[in-house]
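S.K.: Under my numbering, the first residue of the sequence shown carries the number 1, and numbering increases by one thereafter.
I should point out that these hints are in silico values taken from the structure, not numbers from a laboratory.
Hints may be right or wrong, so weigh each one.
[Stated by the list, open to error] Listed next, with one range per pair, are the computed distances between beta-carbon atoms: (1) 62 - 184: 58 to 66 angstroms; (2) 128 - 149: 39 to 47 angstroms; (3) 88 - 64: 17 to 25 angstroms; (4) 26 - 199: 36 to 44 angstroms; (5) 163 - 69: 25 to 33 angstroms; (6) 34 - 64: 52 to 60 angstroms; (7) 152 - 246: 56 to 64 angstroms; (8) 69 - 213: 39 to 47 angstroms; (9) 181 - 213: 23 to 31 angstroms; (10) 34 - 239: 51 to 59 angstroms.
We put the CB at the ideal spot given by N, CA and C, even for glycine.
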Amino acid sequence: MSTVDPAVERRRLALERMQRPPRPGAGLWILVLIYWGLWALFAYSLADTVRYPIAEAYLPPSLYPDNVAPAWFFGVFVGSFGGFIAGFLLSYVLKELYGLAASTWGQFASTLLACAVGFWRGAGDSWVAPLRVGSFADAPGTPAPDWDFIAWLGWSAQYWLPASLALAALCCAGLAWRAHRRHAARAERIRRLLAEGRRADAAITEVHDTGVEIYHEMRLRFVVKFTDHAGVERWVTKVGLFDPVRLPRVGDAALVWFYPDRADDEDQILVGFANGDEPIA
């Protein structure tokens with residue numbers, strides 16, 4: 001039994017989290033390395049697994065590698081399943097630190113880069129080199145037709161595929177950095193409002209379901225009513241994610257923080273809830 005209202009305690013903890021920026025610890029970087037290594041293992045093993053079918057595109061039959069179970073075949077499953085499991089853990093941690101959009105794009109970038117490096121090294125270690133690049137010759141001095149487009153595509157896959165993945169990873173990293181900057185600016189705006197803004201009691205007057213659900217949380221559009229420092233009644237509309245078991249309802253009490261000289265600027269108004277959910281800017 002507790003002598004403290006759970007909603008009040010949740011609200012206190014939520015405000016504390018908003019007032020101090022979270023910092024990544026050593027555990028996060030260990031998890032990132034594990035995640036990255038698992039996807040690199042997947043791509044390395046995949047390159048080893050496809051060496052026989054790829055060789056059929058650029059080698060004469062006499063130089064085909066043995067069509068047997070690849071030595072790294074297990075890595076395709078270990079890397080992919082392990083990567084998905086580690087990804088769920090990593091997404092939860094990163095979302096709390098950097099926001100949903102930044103963490104999602106950041107994971108895409110990490111996965112693509114790991115696959116690029118893994119496939120490049122896997123192909124370099126396991127693919128059979130042709131006797132002469134650009135020719136189907138299977139013995140020195142033997143005349144043979146030159147490679148066609150498919151042969152060049154197959155042999156050069158060890159270069160263009162990792163390069164394409166690395167380029168895609170760079171684009172995702174750029175989007176992650178952009179999303180992180182927006183998240184950091186929003187978090188700083190919230191911290192300033194909590195520290196410098198004027199607080200006022202409010203009430204929820206409207207709640208609308210947007211039909212969107214992210215990580216099992218419902219995205220709702222809601223309206224709160226409050227009276228500013230000059231006695232003027234104001235209504236502010238916000239959108240946020242909520243736990244389905246603690247959804248805001250019409251008539252629920254709320255809190256707002258605002259700057260008296262910018263009471264009409266919705267972007268500079270922070271809304272908190274009696275149920276303890278984190279304030280929404």
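S.K.: Within 39 to 47 angstroms or not, the Cβ separation of residue 128 and residue 149?
M.R.: Violated: the Cβ-Cβ distance is about 20 angstroms, outside 39 to 47 angstroms.
S.K.: Taking 56 to 64 angstroms as the hint, is the beta-carbon distance of residue 152 and residue 246 inside that range?
M.R.: Given about 59 angstroms between the Cβ atoms, the range holds.
S.K.: Please test the hint of 58 to 66 angstroms on the beta carbon pair from residue 62 and residue 184.
M.R.: For residue 184 against residue 62, whose Cβ atoms are near 60 angstroms apart, the range 58 to 66 angstroms holds.
S.K.: Do residue 88 and residue 64 keep their Cβ atoms within the hinted range of 17 to 25 angstroms?
M.R.: About 40 angstroms separates the Cβ atoms of residue 88 and residue 64, which means 17 to 25 angstroms is violated.
S.K.: Is 39 to 47 angstroms respected by the C-beta to C-beta distance linking residue 69 and residue 213?
M.R.: holds, 42 angstroms
S.K.: Do residue 181 and residue 213 keep their Cβ atoms within the hinted range of 23 to 31 angstroms?
M.R.: holds, 26 angstroms
S.K.: For the hint 25 to 33 angstroms, verify it against the beta carbon of residue 163 and that of residue 69.
M.R.: holds, 29 angstroms
S.K.: I want to verify a distance hint. Is the separation of the beta carbons of residue 34 and residue 239 within 51 to 59 angstroms?
M.R.: Hint violated: Cβ distance 35 angstroms, outside 51 to 59 angstroms.
S.K.: Holds or violated: the 52 to 60 angstroms window for the beta-carbon distance between residue 34 and residue 64?
M.R.: Hint violated: Cβ distance 36 angstroms, outside 52 to 60 angstroms.
S.K.: Note whether the CB distance of residue 26 and residue 199 lies within 36 to 44 angstroms or breaks it.
M.R.: holds, 37 angstroms
Hint check: violations occur at hints 2, 3, 6, 10; the rest are consistent with the structure.
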